[in-house]
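Using the sequences and the hints given, assemble the complete structure.
Just so we're aligned, residue 257 is where the sequence shown starts under our numbering, counting upward by one.
For the record, the hints were derived by calculation from the structure and aren't laboratory data. Just so you know, not all the hints are guaranteed correct.
As the list claims (entries may be wrong) - Ranges between beta-carbon positions, derived for each pair:
| id | residue 1 | residue 2 | range |
| --- | --- | --- | --- |
| 1 | G300 | S359 | 26 to 34 Å |
| 2 | P467 | G302 | 27 to 35 Å |
| 3 | E404 | K457 | 15 to 23 Å |
| 4 | R327 | I414 | 29 to 37 Å |
| 5 | D338 | G426 | 36 to 44 Å |
| 6 | G264 | D460 | 47 to 55 Å |
| 7 | G384 | R344 | 39 to 47 Å |
The C-beta atom is built at its ideal place from N, Cα and C for all residues, glycine as well.
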Amino acid sequence: MDFLSREGSPISAELWEKIDEAVVSAAKKILTGRRFISIYGPLGAGIQAINVDNISELDETEENISVIRGRTYRHIPLINEDFSLLWRDLEFSEQMGLPVDLSSASRAATQCALREDKLIFYGNDELGYKGLLTEDGIVKFPISNWSEGENPFKDISIGLAKFIENGIVGRKALVVSPNLFVQLQRIQPGTGTTEYDRINKLLDGNIFSTPVLKDDKAVLVCSEPQNIDLVIGQDMITSYLETKNLNHYFRIMETILLRIKNKKAVIVFD
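Right under this line is the structure:
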């Protein structure tokens with residue numbers, strides 16, 4: 257079944273290729289979670305649920321009826337955003353031999369990417385999903401004033417020490433709000449080195465910033481797949497919706513779910 261409705265659409269294969277390129281290009285510029293979180297999938301559009309394990313509780317009973325403790329099954333949410341291409345614009349491009357303006361597709365892809373990151377970092381309270389900053393049981397530290405002295409370096413060092421204390425090893429990543437990212441660019445007097453550079457060396461270059469994080473928010477994670485991963489059912493793709501008033505309507509969609517398996521591998525500074 258062609259659930260994307262591409263084959264029966266009046267859109268040429270060449271234009272579909274350009275739409276896909278525009279969508280992927282725009283999304284890659286925004287997506288932050290995927291830059292440090294391991295991907296599990298894509299599993300396929302038909303996969304609607306997946307197990308989420310808490311490794312600190314995972315166990316199997318040994319009685320007459322056997323069940324797995326510490327395991328739940330969650331529905332994989334669908335994220336989507338619509339856009340349109342006007343028939344007059346398509347006709348103009350064809351008659352003049354000019355490329356089709358795909359700004360609307362790029363904008364829609366950007367919105368999808370922002371929604372994905374918002375789901376990763378904050379979850380969705382209304383639907384019962386938790387994110388990196390809102391999950392119950394994660395480690396939380398009060399954040400210092402990062403505009404003063406060596407406070408950023410000290411905060412992150414404390415976080416890394418906590419990982420060692422809890423036996424958390426592997427690839428680390430720090431994600432900060434735009435405001436904190438600017439504060440990391442301060443040069444320490446007498447060193448010629450910014451706070452960003454000092455922390456960057458601690459984390460092997462894995463410092464990221466996203467507009468999804470507001471105010472003075474930062475999260476430090478050990479992103480090994482045994483601690484955290486991102487389940488992808490259907491990766492970001494564009495489907496054809498309908499023709500209305502001669503104009504063409506499309507939907508960009510994806511299904512994703514964040515799985516935090518080890519809550520000690522997530523440290524939030526706020």
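The hints, checked one at a time:
The given range of 26 to 34 Å is respected by G300 and S359, whose C-beta atoms sit roughly 31 Å from each other. The hinted window of 27 to 35 Å between P467 and G302 holds, with their beta carbons roughly 33 Å apart. At roughly 21 Å, the beta carbons of E404 and K457 sit within the given window of 15 to 23 Å. For R327 paired with I414, a C-beta distance near 32 Å keeps the hint of 29 to 37 Å intact.
A hinted range of 36 to 44 Å for the beta carbons of D338 and G426 is consistent with their spacing of about 39 Å. At about 49 Å, the beta-carbon gap between G264 and D460 stays in the expected band of 47 to 55 Å. Between G384 and R344 the CB atoms are about 44 Å apart, so this pair conforms to the stated range of 39 to 47 Å.
Of the hints listed earlier, there is not a single one the structure fails to meet.
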